[in-house]
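Colleague: Chain residues, written in single-letter form:
Number of protein chains: 8
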Amino acid sequence: MSTRRAIEQLLAAVATHELDPREAADLLADLPFRDLVFARVDTHRELRQGAPEVILGDGKTPEQAAAIAMALDAAGASSVLVTRADDAMRAAVRDLLDDTREDTLARAIWVERRPVEKRGTVLVVSAGTSDGPVVREARIRADLLGTTVVVHEDVGVAGLHRLAPVLPDLERADVVVVVAGMDGALASVVGGLAACPVIGVPTSVGYGASFGGVTALLGMLTSCASNVTVVNIDNGFGAAYVATLINRL
Amino acid sequence: MSTRRAIEQLLAAVATHELDPREAADLLADLPFRDLVFARVDTHRELRQGAPEVILGDGKTPEQAAAIAMALDAAGASSVLVTRADDAMRAAVRDLLDDTREDTLARAIWVERRPVEKRGTVLVVSAGTSDGPVVREARIRADLLGTTVVVHEDVGVAGLHRLAPVLPDLERADVVVVVAGMDGALASVVGGLAACPVIGVPTSVGYGASFGGVTALLGMLTSCASNVTVVNIDNGFGAAYVATLINRL
Amino acid sequence: MSTRRAIEQLLAAVATHELDPREAADLLADLPFRDLVFARVDTHRELRQGAPEVILGDGKTPEQAAAIAMALDAAGASSVLVTRADDAMRAAVRDLLDDTREDTLARAIWVERRPVEKRGTVLVVSAGTSDGPVVREARIRADLLGTTVVVHEDVGVAGLHRLAPVLPDLERADVVVVVAGMDGALASVVGGLAACPVIGVPTSVGYGASFGGVTALLGMLTSCASNVTVVNIDNGFGAAYVATLINRL
Amino acid sequence: MSTRRAIEQLLAAVATHELDPREAADLLADLPFRDLVFARVDTHRELRQGAPEVILGDGKTPEQAAAIAMALDAAGASSVLVTRADDAMRAAVRDLLDDTREDTLARAIWVERRPVEKRGTVLVVSAGTSDGPVVREARIRADLLGTTVVVHEDVGVAGLHRLAPVLPDLERADVVVVVAGMDGALASVVGGLAACPVIGVPTSVGYGASFGGVTALLGMLTSCASNVTVVNIDNGFGAAYVATLINRL
Amino acid sequence: MSTRRAIEQLLAAVATHELDPREAADLLADLPFRDLVFARVDTHRELRQGAPEVILGDGKTPEQAAAIAMALDAAGASSVLVTRADDAMRAAVRDLLDDTREDTLARAIWVERRPVEKRGTVLVVSAGTSDGPVVREARIRADLLGTTVVVHEDVGVAGLHRLAPVLPDLERADVVVVVAGMDGALASVVGGLAACPVIGVPTSVGYGASFGGVTALLGMLTSCASNVTVVNIDNGFGAAYVATLINRL
Amino acid sequence: MSTRRAIEQLLAAVATHELDPREAADLLADLPFRDLVFARVDTHRELRQGAPEVILGDGKTPEQAAAIAMALDAAGASSVLVTRADDAMRAAVRDLLDDTREDTLARAIWVERRPVEKRGTVLVVSAGTSDGPVVREARIRADLLGTTVVVHEDVGVAGLHRLAPVLPDLERADVVVVVAGMDGALASVVGGLAACPVIGVPTSVGYGASFGGVTALLGMLTSCASNVTVVNIDNGFGAAYVATLINRL
Amino acid sequence: MSTRRAIEQLLAAVATHELDPREAADLLADLPFRDLVFARVDTHRELRQGAPEVILGDGKTPEQAAAIAMALDAAGASSVLVTRADDAMRAAVRDLLDDTREDTLARAIWVERRPVEKRGTVLVVSAGTSDGPVVREARIRADLLGTTVVVHEDVGVAGLHRLAPVLPDLERADVVVVVAGMDGALASVVGGLAACPVIGVPTSVGYGASFGGVTALLGMLTSCASNVTVVNIDNGFGAAYVATLINRL
Amino acid sequence: MSTRRAIEQLLAAVATHELDPREAADLLADLPFRDLVFARVDTHRELRQGAPEVILGDGKTPEQAAAIAMALDAAGASSVLVTRADDAMRAAVRDLLDDTREDTLARAIWVERRPVEKRGTVLVVSAGTSDGPVVREARIRADLLGTTVVVHEDVGVAGLHRLAPVLPDLERADVVVVVAGMDGALASVVGGLAACPVIGVPTSVGYGASFGGVTALLGMLTSCASNVTVVNIDNGFGAAYVATLINRL
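Chains as they are written, first to last, in my numbering: chain A, 1036 to 1284; chain B, 1036 to 1284; chain C, 1036 to 1284; chain D, 1036 to 1284; chain E, 1036 to 1284; chain F, 1036 to 1284; chain G, 1036 to 1284; chain H, 1036 to 1284.
No lab work stands behind these hints, which were simulated from the structure alone. Just so you know, these numbers come straight off a predicted model, no measurement behind them. C-beta: ideal position from N, C-alpha, C; glycine also. Be a bit skeptical, because a hint or two may be false.
Claimed, not checked - Simulated pairs of lysine-lysine, BS3-like, Cα-Cα distance not exceeding 30 Å: (1) D:LYS1153 to C:LYS1153; (2) H:LYS1153 to G:LYS1153; (3) F:LYS1153 to E:LYS1153; (4) B:LYS1153 to A:LYS1153.
Unchecked claim - Interface residues of chain B toward chain A, partial, derived using beta-carbon atoms under 7 Å: (5) LEU1071; (6) THR1078; (7) THR1156.
To be verified - With beta-carbon atoms standing in for the labels, derived distance ranges: (8) D:LEU1284 to G:GLY1111: 39 to 47 Å; (9) G:GLY1111 to C:ASP1138: 28 to 36 Å; (10) C:ALA1109 to G:ASP1121: 51 to 59 Å; (11) C:GLU1206 to D:ASP1133: 49 to 57 Å; (12) F:ASP1138 to G:THR1139: 28 to 36 Å; (13) C:GLU1206 to H:ASP1134: 55 to 63 Å; (14) F:LEU1140 to G:GLU1098: 37 to 45 Å; (15) F:ASP1130 to H:LEU1071: 57 to 65 Å.
Next up, chain A with everything else stripped away, as it sits in the complex (with noise of 0.2 Å):
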């Protein structure tokens, strides 16, 4: 339900004396989150955007993480991802939650309570091995919300004949995320072959010029490939996500 449709009801029930207006204003505020003091888990999320709230792990202490972890999943939500977590929050999240997984490589740790629908799919190209971690998180993200995923990696541009078996996949796709550090030039080749959306996720793969993925950044966004649009450094869930709501249209 969308927020105007339910200020709307709120208004009706005001309307016919079912609802005090202060009571209603308070209603307003206090409903779609759950307050933990140092987080406001918003449960509600899901209903309103279509995917469940996912915990960045950076920044906040295991514990934190797990507490939020727990909420959202007492709250009902379809599947339950933590990003960005390591070693000792992995465990903390493990601690409170059954039937976790995770990915050591990609630091991620994610349970999943109910299927969600296949709607489309989406093509995740990256052009080092060292690119690794962000493909995975891309590809957790979006398979737990329900996009079909095919990976080609280490696609490289310096050897372009390295690109040719993704062609077919290329055409195939509803829409592809490139994932690349250093220059970022496979999102500008991958563009021009492609007719459909292109997400760029520059990552700090690289070292010297490359700024810790400033360069791969910069270059995908003046890339001359008009279908390229770009998510921050290393920020493969964002991608995986945005692709997801591409699909869903």
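Please build the complex by placing chains B, C, D, E, F, G and H on the supplied structure of chain A, with the hints as guidance.
Modeller: Frame of chain A; chains B, C, D, E, F, G and H shown alone:
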């Protein structure tokens, strides 16, 4: 027709002796564009990707831009669009093509030869009046490609009440394009309210620490709204193009 | 009247059947600004925040700025102020509004319709003569909002003795605004001497490693005087506005 | 007692022959701090500016920090606060001072010798759970200086409904401190809703294009909400101090 | 055999019915690399470009690097080289391949299976002792590819007399590689003395305003010696490779 | 004659008493250039490095550039070339030298006094029409130094099929110069296809996140194609010069 | 007379009842400059630091600069110098002062009222012709302050032989000022040859990766020659002033 | 003995047949340093520039640093100093040399073999306790070269009264070295008070927008005090060395 299928047809023609192998290799290379010496006009782009090439005026002489426009038109493009075209360049295009239309604020000139079938809607929301030229560039591009465009300008962020009249259109939109300079915070706010993909266009509007759009760009890239992807500063054209691609899926 | 209380009144009107729920939602959205298509003039801002909206001329056409100014004036603003207005823009405003006053160095034009009650003083201190335009913008803004302004220009830092005549006013001030380019060191020096809040305005004055105000901005942000907060480069307007807010507490 | 008045009293003492001129000059220089060779402890700061000096732990050895803390305590400060103190430093301070209290997340240790009269309130609002340490530093500082602190954590922006329960406190607050990393957009949103001064504290929370807080810093500086001023990245202490100064006016 | 000629041979095979067109397309794509899922090992690179692929250890797990090394070795590479390999990675490679040699300072491990014909010389000149690891990486790479390497370390610039013993080798060299951190000025000095191409390798040696090699990089790019081209920071490998290519012309 | 051999001859002349030691020192210093007070024209450069000095117009007055050009011509340079010369500078040179030729797009003026022996070829490939001026500067420079130049303009990357007609020339080239703005990805693509050295020239073509060529520069520096070295932004002249040096080996 | 001694004299006058304490405080503050409202002319600077204040034209109106110049002249400065003065500003100064002299290339105008005693020499060395304006600004400043100036222009680095004629003057100099743009490498080379202090002046000469002088600035700061200190980009005036101070010791 | 005079003596020896020309060239090149393969120890530097070479520990192995130290000592240096030497490096030096002294905070180790004649004084002033290591490095360096050092630490800026006890020493100093992080404003304040040359050393002390010393560096470079020159971040050694050179004039 896709590139790969074209290659297979050529190979088939070689297999039936209709074509000499060496000629086939040459054909492969020479076909899909027209050579103007200083430019290779991609006349097959519309067939390949569904949208004719657009001419970015920046850095070209008026004569070069006009000649490319004429070549695209002669090759049968459904529309021809020149962006970032100053007065002299628009005059040069006007001299060579008939039936042109112009938008001086957006510095664009175009002709539409064949109407394109309408598919989907895009909502374009801008933060302030000064973002107007970028909004217009986006509108022209989406319009020519058959997307229905709804525009809300000067929505701001410092004054959320100004966002209220946008909400109904926000719910109906298939894709949203957010155009904002300064801190670019509007993308985060709209991203949090929308259930569909949001494409952020940072603009060079602002002064001081706006750094010609860099602050808005960085803000949009680090938005906590996961449905936001980003294009280059002032690239209204690119955002509209991707919105169109999404609507075609 | 605050936003929340307005919402409660609307809800009450709905509860008493004076208002239809759907109309209430529309009213909520449409009331507080006037739509000029390219701009939504925030005519309720003065009621809501105690100060009328100010028009930043940058990036607007002269006609747009003048039309917004007229709309604000027509809506009954106590004063109308256009900043960063070049000659053409000031002329356009002068054509539409009567009784305008101007400061060409500060590139500002304004009308004052109703005197505002005087509350508190702000001391504006600048490092050099070239900071003059920013000083003036700050003075105009604070003056229109009812704050008594005391100005000391060209106080420098390399020559602390020049600071001596400022000391008595420094003791009397409720808030201090420090305007400085180059290294912005004056903010640290004044911050160390003042017992009240100090707002730093870095200016784009300087050359080479001044980087258009970035060095002054960074210097003020890292000042070891804990009473210094900072606004954007050349943002004399903003500093004066916050000084006024502080004086109203 | 202000600096200027102190100078005048000294001059008077010289005029009445109670003091030799040369001695007066020496007194002027030597009085207001205690020299620890590696540090000059500003023991008169509380008299001069109303708040005792705070010890920033960064870059000091545990022994240096503890010695300065003891000197301030011995000089009669109403409270002694060491920030950014790691485990070793907090242990060193704990060894030298009695009645200390600590916050490990905020890495702070302090003693309160005399309660300070309560004046005004500050609302501290944070965007996410990871901003917690900065929120706590701000709370400790304001609390010790006699300001009533109200805290709302994890308010976000991508989900404006989470902002609703903050609104009543927002109306009551004298000053608001907004703590946010990533894009820092919360400062713009809160700035647009508040009628009082808002102090933005960008945090180093985030990854990739967050650049350790730079993006949040730039976003807050270019906020279109004119009531926002900004302090250094992660400087919760400074924001709380200025909030206290404003409340004392 | 070049890519184009390979395509022509395939087309010829199709023309003579030795090959089915669809198979030809597949062959085209699948041939030149071996798929390890996480990596596509470019086993044909030595045939195509005359030098076997090199494995950059950064960002790979020890197991991944070792597996790629083994695949290259099995495919018949004349030599296998892993750079930026820490202790664990070198141990993993050592376990899988026999006859390895190592340089701990350069963090490199390699095997040489077949000696390469010697062609041309390269002079490697470094500014300081700390540039040693980069010098060694360059020497190993050039050596394995058949280039005679002459090294002069710690030549400096602030002390031109130290350059004197380099002069005879400078006259004899076919190509010069200059390795320098800090200001990178040695590239300009050597560039002005040499009559042959000079390749600058900025290093991350230095502190403060060296910015991890950025200053040396910028200095080399803006050298007034027109014979200087530049590679990435610390990229001794790349400079040596290009020097080898030049010597093969 | 090399510098070292010149020194030895001078020493020999001193040994045979043909030359006084003090005079020898003076000769050493005074010989190889002509002093115009504001400029020291390197008249011996052609002897020493095989190519005459080139005059970079930027920052010089028209009169200075013309006087230096005349001095070089008078000293017997095989050719004189002034680059980045605006209309006034080209007029000043035209007034002082006869037989000049010009390229207005490249802003270059030159005279050729003696044909240079032809050696080797360089392929110059550009990404877009707007890179034209840099392409021309490279062509003029290489041409005057006796290198055969083949040019392919507007090859793009987003549309690899446009690269096809370049392939035959790519195989034949001794050196390749890639000229590209925006993301500079063409250098990586060409680098992966070429077996010879590739010199990347980033151009200032582009807008927004292109940052005047910085993005292309960084992209080329971090190219995963190991045969790419890079010169300064827009430095077509330098790339062509190095290509010539390589061809002379 | 030094500041401290002035304070002591004032205190003595108070002690002898010659002066009222409150008057003393006022005198202290008001004496050493002349207030032009927009500028506080430091008329005592020559007494205090041995050199009259210099007027930096940047950011001032012609009228302001001329008025300050006249005030300094009227106050008895030994010389008055306005730097970075465009045509209009120099005209305004010329109108108000007699006996002015000008250098259009350096954009400076000055009068010399009393010759200053000659003390010491400074050698000014520049890398290229385009550095001329900065060289001249340095020469004018040093000359007016009584330092003997020796200039060598266009010394370069890529061509060390051009440095030879500078060596004798380098040995005789008390201080050296090195003026260079691009990579600024000349500072390192000269620093390594000189036994005296060297002051580097990076200039904004160059293009692309020169970044308006930033590269030269960073290069000079990271010079391995330990006798190099640096001033702001294009700050020939400052370097000459410090050279003069050193010569006065 | 100067370089030039050494060249003339060699030439004279050749002229008198005492020396063969070719041998003379070799001698010229080989004499002034000792080759350790990985390092060329500049054993003649003390003769040439009056101060022995200093060993920067950064980037060297402990063994390399110790070997260079021993070579310098063996060659008769008056003192040997290793800076930025961690525990392992200091241990290695201590093993090879006798009579070493150390400062762990400054990470320095040194031996003094012959006292140097005392000449002049330098005042070292620091902003805060955390600047201590840089202050000590400066003191050690100046002390070993015969300069009398006076130190005032933790002088601050936000609290000008703390500057008072420094004033007498400021008047007596021949040169001042200002050590400050954060905003580096102390350099401007001291520069305005001092009549002698001031050398600014920005330090990496601070957090957030201090950017590891960049803000202090930029602030010092743009100081309006014209007597300030600047060295690299944390380069206490360099500042002290230049101070010594100035005192020797």
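Colleague: With reference to the structure, classify each hint as holding or not holding.
Modeller: How the hints compare with the structure:
no., hint, in the structure
1, D:LYS1153 to C:LYS1153, "holds (28 Å)"
2, H:LYS1153 to G:LYS1153, "holds (28 Å)"
3, F:LYS1153 to E:LYS1153, "holds (28 Å)"
4, B:LYS1153 to A:LYS1153, "holds (28 Å)"
5, LEU1071, "violated (18 Å)"
6, THR1078, "violated (15 Å)"
7, THR1156, "violated (11 Å)"
8, D:LEU1284 to G:GLY1111: 39 to 47 Å, "holds (46 Å)"
9, G:GLY1111 to C:ASP1138: 28 to 36 Å, "holds (35 Å)"
10, C:ALA1109 to G:ASP1121: 51 to 59 Å, "violated (43 Å)"
11, C:GLU1206 to D:ASP1133: 49 to 57 Å, "violated (38 Å)"
12, F:ASP1138 to G:THR1139: 28 to 36 Å, "holds (31 Å)"
13, C:GLU1206 to H:ASP1134: 55 to 63 Å, "holds (58 Å)"
14, F:LEU1140 to G:GLU1098: 37 to 45 Å, "holds (43 Å)"
15, F:ASP1130 to H:LEU1071: 57 to 65 Å, "holds (59 Å)"
Taken one by one, the earlier hints fail for this structure at numbers 5, 6, 7, 10, 11, listed in ascending order.
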